[in-house]
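Number of protein chains: 4
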Amino acid sequence: MALKTKEEYIESLRRLGTVVYLFGDQVKDWVSHPIIRPSINSIAMTYELAHVPDYMELFTAMSHITGKVINRFTHIQQSQDDLKRKIKMLRVVGQKTASCFQRCAGLDAINTVSAVTFEVDKAVGTQYHQRFNDFLKYLQDEDLVCSAAMTDPKGDRSLPPSKQKNPDQYLRIVEERKNGIVVRGAKAHITGAVNSHEVLVVPTRAMVAEEKDYAVSFAVPNDTKGVFFIYGRQPSDTRRLEASVMDVGNINFGGQEALIIFDDVFVPWERVFLNGEYQFCRRLVELFAAFHRASYGGCKSGVADVLIGATSLVAEIQGTHTASHIRDKFIEMIHLNETLYAAGIASSSEGHQLPSGGYAVDSLLANVCKLHVTRFPFEIVRLAQDIAGGIMGTMPSEREFKHPEVGRYVEKYLEGVAGIPAEVRFRLIRLMESMTMGTGSVCLLLESIHGAGSPQAQRIMIDRETDWEFKKKLARRIAGLD
Amino acid sequence: MALKTKEEYIESLRRLGTVVYLFGDQVKDWVSHPIIRPSINSIAMTYELAHVPDYMELFTAMSHITGKVINRFTHIQQSQDDLKRKIKMLRVVGQKTASCFQRCAGLDAINTVSAVTFEVDKAVGTQYHQRFNDFLKYLQDEDLVCSAAMTDPKGDRSLPPSKQKNPDQYLRIVEERKNGIVVRGAKAHITGAVNSHEVLVVPTRAMVAEEKDYAVSFAVPNDTKGVFFIYGRQPSDTRRLEASVMDVGNINFGGQEALIIFDDVFVPWERVFLNGEYQFCRRLVELFAAFHRASYGGCKSGVADVLIGATSLVAEIQGTHTASHIRDKFIEMIHLNETLYAAGIASSSEGHQLPSGGYAVDSLLANVCKLHVTRFPFEIVRLAQDIAGGIMGTMPSEREFKHPEVGRYVEKYLEGVAGIPAEVRFRLIRLMESMTMGTGSVCLLLESIHGAGSPQAQRIMIDRETDWEFKKKLARRIAGLD
Amino acid sequence: MALKTKEEYIESLRRLGTVVYLFGDQVKDWVSHPIIRPSINSIAMTYELAHVPDYMELFTAMSHITGKVINRFTHIQQSQDDLKRKIKMLRVVGQKTASCFQRCAGLDAINTVSAVTFEVDKAVGTQYHQRFNDFLKYLQDEDLVCSAAMTDPKGDRSLPPSKQKNPDQYLRIVEERKNGIVVRGAKAHITGAVNSHEVLVVPTRAMVAEEKDYAVSFAVPNDTKGVFFIYGRQPSDTRRLEASVMDVGNINFGGQEALIIFDDVFVPWERVFLNGEYQFCRRLVELFAAFHRASYGGCKSGVADVLIGATSLVAEIQGTHTASHIRDKFIEMIHLNETLYAAGIASSSEGHQLPSGGYAVDSLLANVCKLHVTRFPFEIVRLAQDIAGGIMGTMPSEREFKHPEVGRYVEKYLEGVAGIPAEVRFRLIRLMESMTMGTGSVCLLLESIHGAGSPQAQRIMIDRETDWEFKKKLARRIAGLD
Amino acid sequence: MALKTKEEYIESLRRLGTVVYLFGDQVKDWVSHPIIRPSINSIAMTYELAHVPDYMELFTAMSHITGKVINRFTHIQQSQDDLKRKIKMLRVVGQKTASCFQRCAGLDAINTVSAVTFEVDKAVGTQYHQRFNDFLKYLQDEDLVCSAAMTDPKGDRSLPPSKQKNPDQYLRIVEERKNGIVVRGAKAHITGAVNSHEVLVVPTRAMVAEEKDYAVSFAVPNDTKGVFFIYGRQPSDTRRLEASVMDVGNINFGGQEALIIFDDVFVPWERVFLNGEYQFCRRLVELFAAFHRASYGGCKSGVADVLIGATSLVAEIQGTHTASHIRDKFIEMIHLNETLYAAGIASSSEGHQLPSGGYAVDSLLANVCKLHVTRFPFEIVRLAQDIAGGIMGTMPSEREFKHPEVGRYVEKYLEGVAGIPAEVRFRLIRLMESMTMGTGSVCLLLESIHGAGSPQAQRIMIDRETDWEFKKKLARRIAGLD
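Chains as they are written, first to last, in the numbering used here: chain R, 498 to 979; chain P, 498 to 979; chain H, 498 to 979; chain D, 498 to 979.
Check each hint, because a few of them may be wrong.
Each pair may be met inside one copy or between any two copies, as identical chains are not told apart.
Simulated crosslink set (BS3-like; lysine-lysine; CA at most 25 Å straight-line) [claimed, not checked]:
1. K675 / K722
2. K899 / K722
3. K565 / K634
4. K660 / K709
5. K525 / K722
6. K662 / K651
Since the hints were derived computationally from the structure, they do not count as laboratory data.
Just chain R, same shape as in the assembly (with noise of 0.2 Å):
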């Protein structure tokens, strides 16, 4: 069978020559960096399930390739039943995570490429479909991460990538070669790129003839010669380098984000999947666009979940939860974090068979759900502030509730109710802490506006998916014009 364990997908990081950078250095070990190992133990989650009983049928797919069992993350949806499941596997990553567990770009990338490589194939007569399948198999049959590298640095963003003063701020291909291509550049914000084994890069926006060179796709193994990777820093995110374990908050679990530079990086020709055909840049990244802004209403709402459930146990504690604007504030975080799921549901239940035979979401409905996740989590977080009080911003650090002298006064003016001990009330605490001012708030707060594309990414998409003309032949109708 084709999963890997947890334990094995942990492994098999290390046995990667992987380049990292962290706070000055390149850092050796990087799979028990204390920064880093929680975002391994956020994607290991996605190993792990698929081992347990109760969501093994969630987790899990038959290729459509090989006809194995395979992980769902390496999965290319065969239905709208399909594309529904992936949404609620999301959902509980999110729920078991409490942060960003990466995986979901890839799988989305994966069917992206999948995808468009089929219609470039018969629009133009390549051969890249089957070598991208040939890839396929290799990440479903190894149960493999690929992450998805689209966002470019854009340097100048009201200039396209060809008008650019540094021609590198957008990844592209600066040699041929007999056997493939050498490609410069860097892909920023790269959600699980160090803790990925492959990287699939695949174009930021839409290219015109010009840009060709810019008009590339392609998958390398991190450890490719040339490719490393710079990490994005974090609120509070020394407080996992602490001795005290109590003020992280989110105990084992992170997201992470990187900068990953292509400092003239060669591709052989089997790994490359689009190589200048530019006129379908736009239709690839549409697609995935939709795909992943489908995924995050399942992911966001899982996340959220566990802040809804915190607050609602930090409420009880200080003897608040049954008051009646309480109890409206938890109604209001459950709608509005309903509807984000609701979203991606909506929008997988109207799926469609593409050309290629995978499905695709309702690509109207999915920018729908992604431009809610640019602002429900917000007024979420506000909420569950509120209910949770002030003493987010000021508790005392683990080493004052511990302390031989004072320690004794913080746990006696923390206690809420009788017989709860102090140290719940603290570690749930800075569990919204880091949720919704901490290391978390990027995945909840921050990455939810700009994950899958930025909000006005979403209100363009929803302009050119609605139509208008039909709209206004109903009102004609209506109003006795025709």
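Dock chains P, H and D against chain R, hints included.
Chains P, H and D only, in chain R's frame:
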């Protein structure tokens, strides 16, 4: 085949001796009354489309009791797909009528009573389900409309039914006879009450033991002795009595709300579906609510489609439709409107089978759907009025527009971009006025708040349907507490 | 003393030969017309309160040109305190009429033209300011109403005045004579146009050199040759023509919007206040906008006070006013409404002196005020409809309420908490209907969007009035960049 | 003159023997501690600006008790104008520090206690006001900072102080001695607690007769025996301990929250301002709340000015600042931010004189102000993050930026529009990170919710301050009911 044409439907209403009061008179030929007729036209659309090839599949279904092809508006849903089709069907009728088309309440009520009679029988050994199926077979075979009469006047809402000064503020059984029961009371705000063939009465809230007499459900023909209807008035209703047609806005279609008086009405046993089993009232109310709250994701998004279309045309006429801030407002309108639809679809797609064999929507998501319906249409309307401009509140009447002397001035100054007759703008502005401040605003705004239950009812259900313990467990685990 | 009584005001209107069209006829006795009269009553309130001891101080002021006691509605504000008093005065009239009382537009226009004529004279050596003061003295001494005619029909809004296919889409000078000018065009959506004594015309936008003919400001009596008025219709307007008074809702008061046609109207030099000085149009428009946008913080909060009061009474009658979720909605209504007022007060309190000696509001805050006015009333209305219930769209007419046979049923089932006559509820629901979906909704909703300029106009001004460089400097310093 | 320089202020702190715990240790040289020092710098700004000619007028006032020139932060406001100046002063310090500068809570507290001691004396014949004035004179003459210690830990919030399992959950008098009282308890979330000279304790809620011991107000020096401080930790706080300065974001300034323990502290009579007069606790709390809620309209808008400025610079660097959707977001940020300020100004401008002679803000408008503060900063932050992009959560550390090998890659790909050093972008992004997800987010987000009372407290006051009867009377009159 059991499908009536729209003409047969209208004819069948004439054969009923329904007693209707409007503006101080009993209206004999109410089927032709210009204020009532548009609401009949709206229901007629549900008949018409069942015969139109493009819509036939969506508007018909196979009866689970007779196996015959029936109008989907009389169908007991048998799958998630059936639930989704219902939402799509409602959106289509909303698009074709730009108004409340009234027939969905009865549809949701028969699905509810079908399920609950089964459950009551099973629990307490009654025979309601078979009775109900007989009634249902009649509805399906004859392709009839039944209204759903749920809301009682309620008197002093701080008091339960049994504590009201006037015991008739909730409809109740006042006498039990050998062959049936006698009921007294009223049902208020009943949509499509007058132009239905039958009225299906259900309780409006959970009841306790001392409220047994209020725990009653039954169906009677609209022209039953003791039943009469008092038509509700709405903004701008009398424009339909004026000579000018253009000032009406929505020329042909409209909604309808009425107060139904039950003045000691006899109901034979074969039409009684609940008779004192107070402990099932909550179940009935909540199940109906879930069905009907999901429905609003279909119908209201369909109605708003027309408003969006009209606004789009008006923006073109005024030369503003490409301005970035105008596009942004259109996108927001679509975003909000599709959210309603997405939630309706999601609650259907996540539906589950009931003991009776029928299917129910996901209640949490259905309540989320409806709670958005209580908010977003107001923002959609605000944006529509923003785009259209102040003219919607200042435009002269059709009579000035066609006036021999001043008409040419009105026409001259109503012109927008060159080449579009001023009448087009006139009609569309009137349509927008009617949908946002006139008769149609009852449907798009007020009814969006209160139909299928007021917002607080949705909030209570969202609280109740949330698995708080599950979420708390998630948080405890992440915080390292378990 | 220069103060007219309300009776004198009404009488003075009768003496004018104003030409008014309504529903296809020229209305001779328009002062008594049941659709027009309520708007006259609203303005009359501004006269009445100037004689009521409790309000006298607020409603009168000392003329800065004559030193006489005048109605504050004709006063050029001389201090921050004057600006604040204006806001308070407007709130009072809003509270007393629950409608647009129309006289503030003229007030803001005279303050604008007073300031701008001074500035034009100073810059280009004209003599407009003295001319205008002569006109102003006449207004003050006779205690007259002048409407502010700013908005042109605009035709194709993507084109400037000089590029319109129909050059009259913006009012313009078509001839210059020895003793004055001849103008042609129309002014649309003019509040209180008909029941004013004078119309003060100002340009609607910034103009460029080739639009000199459109850069015109003047005042003429309402019954000037070539001037005539076409009355705009509004939702439910004809209820005032029905026999029943209760169905009207707001029994005595209303607003008024009209289209004014200037069919080659001669204006003598002494009434011309701008004649081709196109470079001052922007200044004039922006100054008027600031004054008028602040005004909305007063009048609309006053009108909403009535809606909130009505909703409060209805909640009491229905037995819901102490429920926590109802209280919460009331609090939100107050919160939003007081924000409008606060912004109006703040922009006044931060007002500054103009070169002419008069005072102007803070333009940034005035635009902030108005931008809220384009949003919050919709939410206030939504909450009011939420609290009041569906009855607002389903209640029978007054004729059923008083019907010899069915009246007792209507009354019986309209009763709320014991002891309050059903008529009280009936009247209040009708008032709420009229304010939220009927005639009054034009004032509270649509006009809140577009009066004093559409939201986008406020947004542009907010951008322009912000000192971005200052804010950037602040950030640079904090980031250690300077 | 009574004005200290900023250096004198810092020096004066060193002379105090304040006991502070942070990260498990008592910090001896807390004045120089890198985590604490920024909060000292923020308060120091209030001293510095009183000596800067441009700000002198705003930052000083004339003492109403001594007639001397004092720092306005120690002034009892004597007019509406004084109230407005306070708001303006707070905005300036917010702009200069981009953080909570802590000194306003004490200012609002002295204004409150000054008023309430007067009222208590008048009502029950005590001598608190003179005592308080002696204390005040000392504060003013020495130009000291006093913190406002109001919030108790509260334990189980469903229970009043007298019913808590631990009676010390609210600070209380445990002993009365001949020369004073002994108090025990804690005050939590106390802003600027450590870097003040004095702590002014006031009750946190209304009290009843059996809670007399909790009805206590007093002031003691920070280094009083039995008083000690436990410093609260905040997101990213330890970045200030790292070598790199750029990663900090807000280089020099910060806020401060601490838990103050009162471990049986003796307070001499001359420093006791309330001693059991429980019936005045509500008055005291509500008056303080009104003052402090208005203050937030000043300080938070000032802090947000810096965020808006930083966002504006970042947009320029990224080449997006002229895009219409970006401008729209900036306008919205300004709109929301100025609303906070407007409400602060309005509540001041509508202030009224108290029996003591001092001035209080309008309580309704102050609560409206603060309720907006609990919402709008979240939307401002969301928009800032939207404009700035995902980079805020993915940017490498300063150490990679300056790294000998990888630094040039980071710099290369951080460049935006040509000609602006990457370091500018780096610093601004870090500032934005710190203000929206780091240490500064405690000030801008969490504290905006809970400082000066949580939202529900504002809602209750808005309900209480509304004249419902007046509004109901307005509605009755318009509906023709009176």
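Structure-based check of each hint:
| no. | hint | in the structure |
| --- | --- | --- |
| 1 | K675 / K722 | within (18 Å within a copy, 82 Å between copies) |
| 2 | K899 / K722 | between (48 Å within a copy, 23 Å between copies) |
| 3 | K565 / K634 | within (10 Å within a copy, 49 Å between copies) |
| 4 | K660 / K709 | within (13 Å within a copy, 42 Å between copies) |
| 5 | K525 / K722 | within (16 Å within a copy, 52 Å between copies) |
| 6 | K662 / K651 | within (11 Å within a copy, 44 Å between copies) |
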